[in-house]
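For the protein sequence lines, the chains are X and C, in the order given. Using my numbering, read the first sequence as starting at 12 and increasing by one per residue. Using my numbering, read the second sequence as starting at 7 and increasing by one per residue.
FYI, nobody ran anything at the bench for these hints, they're computed from the structure. Ideal Cβ positions, reconstructed from N, Cα and C, are used throughout, including at glycine. Check each hint, because a few of them may be wrong.
[Said to hold, decoys possible] Label-pair restraints from in silico Cβ distances: (1) Asp-126/C x Glu-136/X: 52 to 58 Å; (2) Asp-194/C x Leu-250/X: 41 to 47 Å; (3) Leu-367/X x Gly-215/C: 32 to 38 Å.
[As the list claims (entries may be wrong)] Here are some, though not all, of the chain C residues that point toward chain X, as calculated from beta-carbon distances under 10 Å: (4) Ala-29; (5) Asp-32; (6) Thr-34; (7) Val-36; (8) Pro-73; (9) Tyr-75; (10) Trp-77; (11) Asp-78; (12) Asp-118; (13) Ala-120; (14) Ala-122; (15) Leu-123.
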Amino acid sequence: MTDSRSGTAGRSVYLDHAATTPMLPEAAQAMCARLEIVGNPSSLHGSGRAARRVVEEARESLAQSLNARPSEIVFTGGGTESDNLAVKGLYWARRTEDPRRRRILASAVEHHAVMDSALWLAEHEEAQVEWLPVDPAGRVLPETLEAALADDAGSVALVTVMWANNEVGTVQPITELVEIAHRHGVPFHSDAVQAFGQLPLDFARSGLDAMTVTGDKIGGPMGIGALVLSRTLTLTPVLHGGGQERDVRSGSLDAPAIVGFATAAELAVKRQPERAEELARLRDDLVARVRDVVPDVVLGGDSDLRGSHRLPGNAHFSFSGCEGDALLLLLDARGIECSTGSACSAGVPQPSHVLLAMGVPEDLARGSLRFSFGHTSTAADVDAVVEAIGPVVDRARRAGQNRVRGGPER
Amino acid sequence: MRVLAAMSGGVDSAVAAARAVDAGHDVTGVHLALSSNPQSFRSGARGCCTLEDARDARRAADVIGIPFYVWDMAERFRADVIDDFVAEYAAGRTPNPCLRCNEKIKFAAVLDKARALGFDAVCTGHYARIADGRLRRAADPDKDQSYVLGVLTVDQLAGAMFPLGPTHKAEVRVEADRRGLAVADKPDSHDICFIADGDTGGFLRDRIGVAPGPIVDTDGATIGEHDGAFAFTVGQRKGLRIGRPAADGKPRYVLDISPVSGTVTVGAAELLDVVGLTGEKARWCGPVPRGPVECAAQIRAHGDAVDCVASYDGQRLHVELRRPIRGVATGQAVVLYDGDTVLGSATITSTV
Numbered sequence: 012m013t014d015s016r017s018g019t020a021g022r023s024v025y026l027d028h029a030a031t032t033p034m035l036p037e038a039a040q041a042m043c044a045r046l047e048i049v050g051n052p053s054s055l056h057g058s059g060r061a062a063r064r065v066v067e068e069a070r071e072s073l074a075q076s077l078n079a080r081p082s083e084i085v086f087t088g089g090g091t092e093s094d095n096l097a098v099k100g101l102y103w104a105r106r107t108e109d110p111r112r113r114r115i116l117a118s119a120v121e122h123h124a125v126m127d128s129a130l131w132l133a134e135h136e137e138a139q140v141e142w143l144p145v146d147p148a149g150r151v152l153p154e155t156l157e158a159a160l161a162d163d164a165g166s167v168a169l170v171t172v173m174w175a176n177n178e179v180g181t182v183q184p185i186t187e188l189v190e191i192a193h194r195h196g197v198p199f200h201s202d203a204v205q206a207f208g209q210l211p212l213d214f215a216r217s218g219l220d221a222m223t224v225t226g227d228k229i230g231g232p233m234g235i236g237a238l239v240l241s242r243t244l245t246l247t248p249v250l251h252g253g254g255q256e257r258d259v260r261s262g263s264l265d266a267p268a269i270v271g272f273a274t275a276a277e278l279a280v281k282r283q284p285e286r287a288e289e290l291a292r293l294r295d296d297l298v299a300r301v302r303d304v305v306p307d308v309v310l311g312g313d314s315d316l317r318g319s320h321r322l323p324g325n326a327h328f329s330f331s332g333c334e335g336d337a338l339l340l341l342l343d344a345r346g347i348e349c350s351t352g353s354a355c356s357a358g359v360p361q362p363s364h365v366l367l368a369m370g371v372p373e374d375l376a377r378g379s380l381r382f383s384f385g386h387t388s389t390a391a392d393v394d395a396v397v398e399a400i401g402p403v404v405d406r407a408r409r410a411g412q413n414r415v416r417g418g419p420e421r
Numbered sequence: 007m008r009v010l011a012a013m014s015g016g017v018d019s020a021v022a023a024a025r026a027v028d029a030g031h032d033v034t035g036v037h038l039a040l041s042s043n044p045q046s047f048r049s050g051a052r053g054c055c056t057l058e059d060a061r062d063a064r065r066a067a068d069v070i071g072i073p074f075y076v077w078d079m080a081e082r083f084r085a086d087v088i089d090d091f092v093a094e095y096a097a098g099r100t101p102n103p104c105l106r107c108n109e110k111i112k113f114a115a116v117l118d119k120a121r122a123l124g125f126d127a128v129c130t131g132h133y134a135r136i137a138d139g140r141l142r143r144a145a146d147p148d149k150d151q152s153y154v155l156g157v158l159t160v161d162q163l164a165g166a167m168f169p170l171g172p173t174h175k176a177e178v179r180v181e182a183d184r185r186g187l188a189v190a191d192k193p194d195s196h197d198i199c200f201i202a203d204g205d206t207g208g209f210l211r212d213r214i215g216v217a218p219g220p221i222v223d224t225d226g227a228t229i230g231e232h233d234g235a236f237a238f239t240v241g242q243r244k245g246l247r248i249g250r251p252a253a254d255g256k257p258r259y260v261l262d263i264s265p266v267s268g269t270v271t272v273g274a275a276e277l278l279d280v281v282g283l284t285g286e287k288a289r290w291c292g293p294v295p296r297g298p299v300e301c302a303a304q305i306r307a308h309g310d311a312v313d314c315v316a317s318y319d320g321q322r323l324h325v326e327l328r329r330p331i332r333g334v335a336t337g338q339a340v341v342l343y344d345g346d347t348v349l350g351s352a353t354i355t356s357t358v
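Please work from the sequences and hints to get the whole structure.
This is the structure:
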């Protein structure tokens with residue numbers, strides 16, 4: 012608690028790259044170069060054509076980064092919008108084709124953008140949402156999906172399983188799951204927001220029908236994302252208007268943001284192998300040294316850190332007897348920025364649905380922290396956390412005792 | 007000092023936090039989420055803890071330049087304040103939830119957590135003063151909130167900070183405006199914060215249910231019916247819905263509520279006069295008094311303090327009033343003052 016006000020500015024130790032990561036200078040430059048130039052990509056005159064050209068070149072570049080076709084890139088306002096469009100758009104389109112298709116199969120560890128879209132459809136559009144259970148590492152086992160589809164696949168509108176989890180970093184066996192869904196003739200959407208830039212993503216080879224990516228998690232600007240959408244799939248739009256983006260997503264295209272996004276994507280993909288190695292090294296160091304300092308810490312997610320089932324930049328810890336918000340406050344006061352892994356609009360921390368779905372007891376789930384590494388992370392960041400974590404956990408445990416015994420009588 | 011500023015989203019707690027910063031303290035702001043299902047917006051002066059209030063508090067913290075967090079106290083608040091409120095009414099008493107919140111939430115659950123996290127004090131926008139470790143009335147008699155803080159113990163007061171004590175409300179608004187705090191003209195909140203629509207009777211009926219009973223006069227004759235004794239409070243005149251006027255033609259007031267039989271007794275105003283009262287669950291803001299003490303008793307937040315002699319036997323507090331007070335309900339708190347200094351408080355259990 013020594014330096015709480017200056018702590019958040021300037022020399023902060025930023026380990027929340029899964030929330031958002033600093034923009035790459037190249038992306039910022041490309042974006043800034045476009046900001047003052049007039050032109051709506053939908054306009055027919057010279058300025059419009061020039062803007063359109065910038066957007067289409069960026070589209071081609073992004074498609075190449077993801078191994079998709081340019082026509083499969085639908086630009087959106089970010090990950091949340093892409094997820095809404097995929098889940099609602101697919102559900103509506105598939106149900107219109109066949110009214111029996113009312114089931115949505117979604118993993119129990121989805122981001123709220125997917126989860127709450129599905130729940131909204133259940134509440135307002137007669138959808139039946141089935142949450143696919145996960146194993147203790149947070150993974151949907153292929154047999155789980157197989158079993159759900161074996162029971163009347165004809166009534167399933169879509170399957171949606173994220174590529175990699177934002178809280179615990181668990182990577183799903185996407186290719187296997189897609190194969191199963193396709194064998195039953197059901198389209199598959201995946202939220203790949205966290206996977207992009209940390210894992211090699213290949214839309215064509217994955218077999219996915221729809222995939223969500225976003226700019227600000229890979230060093231691009233905020234407020235721009237894409238739904239990569241197979242050409243064979245029709246979607247009912249969520250936003251209606253000028254008919255941009257294959258009539259699937261209306262709205263004037265944000266040429267500067269799109270350029271920044273595509274530039275960041277190109278660099279993220281190019282640098283991915285080395286970056287992944289570098290992030291994993293930092294992450295492994297953090298995990299080993301936090302375990303030394305707090306031996307009873309529980310690592311969330313896949314325990315095989317270097318296996319292919321875990322994001323290289325993710326470290327997730329649970330500290331028994333602590334509250335996540337107390338841990339976060341104490342670290343923040345020391346200039347260390349991380350996340351409890353869950354937040355609602357009021358900022359009130361709830362035990363994460365992801366951890367609960369993985370079978371983590373509620374009390375342990377409340378004492379969770381996510382550290383996520385990115386392109387500006389250094390060994391000094393790890394040193395700072397290791398130095399702080401012991402006293403912080405001690406202090407948070409003392410504060411947590413009030414909760415356990417329900418408050419003292421005075 | 008390391009200070010945790012409880013920020014409701016209102017003007018008072020925002021200015022209090024800003025003053026704590028000016029005083030050189032290392033201040034962190036927290037907004038207490040007291041409702042597990044908050045409304046999006048507040049309507050007028052009622053209710054609190056909406057998402058809009060949380061956002062106002064966050065913006066005030068930005069302007070002041072302090073870190074800001076939201077602490078979820080909804081479960082504790084429900085158990086210690088709301089459930090207690092309902093149970094007290096169900097038992098025929100008239101509780102004051104603001105006292106309970108200060109006693110159990112702000113200067114207990116929050117202060118304990120703050121201390122455990124390394125803070126020295128909790129700062130709030132209450133209008134009261136602390137001098138030499140003793141709780142004293144605020145400089146602004148209209149805003150004085152020492153009554154609802156009269157439940158704080160010496161230890162709780164040692165961890166409390168009330169920067170607005172010396173100031174009048176009007177000055178606080180001017181100061182908020184000068185500091186660029188957008189909440190400067192936000193309406194004062196009043197009424198019970200967790201009853202957003204202000205309908206206490208409806209709130210209680212939803213939780214206690216309909217429990218009809220008789221309304222009787224002082225001779226025991228039934229003169230009316232009611233849907234639930236919880237809707238009444240001693241001293242109440244309005245809403246009795248008695249068809250027949252009294253024989254003497256004078257207005258009738260609620261004199262007594264018997265929760266078990268559900269009987270509500272009504273009668274003339276002078277029968278409401280109380281010359282003595284007994285309280286339990288005493289809490290002392292300073293030394294525990296020994297022997298009879300000449301002091302003044304206050305039984306509601308903005309009532310007058312009446313001279314009295316108080317004696318405490320270690321269990322019960324007996325208060326002999328120098329002049330009668332009209333309409334004292336059990337469940338209310340009696341707070342004792344020596345001049346401007348709060349001595350302590352107790353929950354009223356009986357009156358004579």
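Is the interface hint for Pro-73/C satisfied, with its Cβ closer than 10 Å to some Cβ of chain X? holds, 6 Å
Per the CB criterion, is Asp-32/C less than 10 Å away from chain X? OK, holds: Asp-32/C within 10 Å of chain X, min 6 Å.
Should the hint that Tyr-75/C touches chain X count as held when the rule is a Cβ pair under 10 Å? At 6 Å from the nearest chain X Cβ, Tyr-75/C passes the 10 Å test, so the hint holds.
Do the numbers back the hint for Trp-77/C, that is, is its least Cβ distance to chain X under 10 Å? It holds, given that the least Cβ distance between Trp-77/C and chain X is near 7 Å, below 10 Å.
Satisfaction of the Asp-118/C interface hint, Cβ to chain X closer than 10 Å: holds, 5 Å
Holds or violated: Val-36/C as interface residue toward chain X, Cβ cutoff 10 Å? This interface hint holds because 9 Å falls under the 10 Å limit.
Status of the Ala-122/C interface restraint (C-beta, 10 Å, chain X): This interface hint holds because 3 Å falls under the 10 Å limit.
32 to 38 Å was suggested as the range; check whether the CB atoms of Leu-367/X and Gly-215/C agree with it. Roughly 34 Å apart at Cβ, these two residues keep to the hinted range, so it holds.
Do the numbers back the hint for Ala-29/C, that is, is its least Cβ distance to chain X under 10 Å? Status violated, d = 14 Å.
Restraint check, 10 Å cut-off on beta carbons, for Thr-34/C near chain X: holds, 6 Å
Is the hint on Asp-78/C kept, meaning its closest Cβ partner in chain X is under 10 Å away? holds, 4 Å
Per the hint of 41 to 47 Å, is the separation of the Cβ atoms of Asp-194/C and Leu-250/X within bounds? Holds: the Cβ-Cβ distance is about 42 Å, inside 41 to 47 Å.
Going down the numbered hints, you'll see the structure goes against just number 4.
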